[in-house]
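> Sequence:
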Amino acid sequence: MTVSSASENPQDAGGSLTDSGYSVDDLAAEEWPPPPSPEMWLVGLETRTTDGLPVWRYYVVDHARSSCQASQEALQRADSAPERAAWGRPGEAGRIERVEVQRILQDVLGNVTLARRS
Numbered sequence: 001m002t003v004s005s006a007s008e009n010p011q012d013a014g015g016s017l018t019d020s021g022y023s024v025d026d027l028a029a030e031e032w033p034p035p036p037s038p039e040m041w042l043v044g045l046e047t048r049t050t051d052g053l054p055v056w057r058y059y060v061v062d063h064a065r066s067s068c069q070a071s072q073e074a075l076q077r078a079d080s081a082p083e084r085a086a087w088g089r090p091g092e093a094g095r096i097e098r099v100e101v102q103r104i105l106q107d108v109l110g111n112v113t114l115a116r117r118s
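For the sequence shown, position 96 (counting from the first letter as 1) is numbered 96 according to the UniProt record's numbering, and the numbering increases by one without interruption.
Source of the hints: derived by calculation from the structure; they are not laboratory data.
Backbone N, C-alpha and C fix where the C-beta goes; we use that ideal spot for every residue, glycine too.
Please note: incorrect hints may appear among the correct ones.
Restraint ranges, calculated between C-beta atoms of paired labels, are given here [said to hold, decoys possible]:
id, residue 1, residue 2, range
1, Thr-50, Val-108, 30 to 38 Å
2, Asp-62, Asn-111, 12 to 20 Å
3, Val-112, Gly-52, 30 to 38 Å
4, Leu-109, Ala-81, 23 to 31 Å
5, Ser-66, Glu-46, 15 to 23 Å
6, Thr-113, Arg-48, 53 to 61 Å
7, Asp-107, Thr-50, 36 to 44 Å
8, Arg-77, Arg-48, 31 to 39 Å
9, Thr-50, Gly-110, 38 to 46 Å
10, Val-112, Gly-88, 28 to 36 Å
11, Thr-49, Val-99, 17 to 25 Å
12, Asp-62, Ala-85, 19 to 27 Å
Please model the entire structure based on the sequences and the hints provided.
Take a look at the structure:
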């Protein structure tokens, strides 16, 4: 049981106790920040040509919540039939040598930069 003094919970003109803090209506009217938006990522996949030369394929992935999710999306795109055909490997995606993931950042002025995965 909590005992409070009159100065903590003063009575209004009707005799009911009022709280000096926020009411439910105040909290409902307050603007809350939106939930964090999904991030955009640039995912590079290194493959090799039939001559053994390195070739990088880059994919911009949006709506991914993590670098792992962005990597998976890029790998799925690379393994799609249109991508395999475009890269001259209709039956296979080819071996991925390396994966490079960078987050695409945009500041309040609209400047776009890339940040490596930490």
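> What hints, given by number in increasing order, does this structure fail?
As far as the earlier hints go, 1, 4, 6 and 8 are violated by this structure, in ascending order.
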